[in-house]
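Per UniProt numbering, residue 1 is the first one in the sequence shown, and the count goes up by one each step.
Keep in mind that the hints were calculated from the coordinates and are not lab data. Some clues are possibly wrong.
Unchecked claim - Below, a list of computed lysine-lysine pairs in the DSSO-like style, where the Cα atoms sit at most 30 angstroms apart:
| id | residue 1 | residue 2 |
| --- | --- | --- |
| 1 | Lys37 | Lys184 |
| 2 | Lys19 | Lys184 |
| 3 | Lys208 | Lys37 |
| 4 | Lys184 | Lys208 |
| 5 | Lys19 | Lys37 |
| 6 | Lys338 | Lys19 |
| 7 | Lys338 | Lys37 |
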Amino acid sequence: MNYRQSLDFLFPLHRFGIKPGLDRVGALLDVADHPHKRLGMVIHIAGTNGKGTVAAALASMFTAAGYRTGLYTSPHLVSFTERMRVDGRMIPEERVAEYCSMLQDAVQREGCTFFEATTAMAFRYFADEEVEVSVVETGMGGRLDATNVVHPRYVVIPSIGLDHTGWLGSTLDLIAAEKAAIIKEGCDVYTAVEDPLALQPITEAALKCGAPLHRLADEVRVDVESEELGELRFCVADEEGSGHYRAPVSGVFHAPTLALAERVARHAGLSLSAVEQGFLGMRSTGYRGRLERLSSHPELVLDVSHNADGIRGSVEVIGRMRDRYRNIVVVLGLADDKDAGAVISELGRVAGRFVTVTLPVERGVPAEQLAGRCRDEGFDAVASASAADALGIARASVGVDDLVLVTGSFYLAGELLEFGGQGGAGFFADKV
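Take the sequences, apply the hints, and build the full model.
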């Protein structure tokens, strides 16, 4: 089996959808010789928003400190190999083929999902690479997530919000309980969650496991010093002193998430220099698409926020820069498990027009249906036939002083990057 054949085998597994449970991934790990027991020090991350940010920061920090570090995240933007990295480098295609061949029979026998298969592959890769640290991001939830076979030294829960309610529950406490189930004996727990309803299950899970709980607001003060599109300067201070940092992210809402990464790294004994270099090196971990500027005059900004809470944070950033733009056009694609009304309402605070697109996945809301929802909310909206078509429509309706914001999904972001060659400078070149 070569790399292309591996992808042809893996991607159709999406048809099995989401099947919570640990038995199937356990069977795969048996075939792979129990790699989840050979991952070095594990940092396990769950939460509604901020998982990718804290994962990228921590992986970059431990790499900067000289540790051989594995990073497992999802979904990918353009290449499947983005999902599993060692010291920032994506898994080689031939290794994907090797592990897929190893697991193929078991995947078919057990009826495994795409995420279960990729999780087993990532863990085997990290074990073979003899990583010293593994930074592991959950896929969805925690209790029955395929990654919940690891025994972490640190658990990080950046936030709890209403997302995937059909699977995790319709209230904050139910969702928090699902995510807090990754807490195990012998770990330290770090969280920026402050809502009492969401915090209670985390507190109870930590207490039950005898795991020290570190609430960010109780331990440090986090101050934002400056904010630009693509850069955040902030300070994290405790009783022993303060650190001043710069990270390639957009939005003050990222500051608590980044501070969590700083706390874990410092608790693990990393130097101030490693933390500083880790923040600066986040892009080397594949961290992209968080209000990322792809071109200027007009500006094309890519954002992978995909629920109302995440969109709200992005809108607040753009709102503070609203006077820079004459008009703002939003290219929007959503999955059918998202609260479309809430997302559209948030975006409507800054958007003058919507161009909708159907996501390239089975759960994508049809573009015309999504455009209808936008119109129902009182906004001008037009449906497009594809991401390329959406950009063409947006291009025709903007000037050099305008902003095109592409948001709503990792899948849409990936489609746009693939279409634009991962650059973007040429999207609106003749507008300058």
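If you test the structure against every hint from before, which numbers come out violated? Violated: hint 7 alone.
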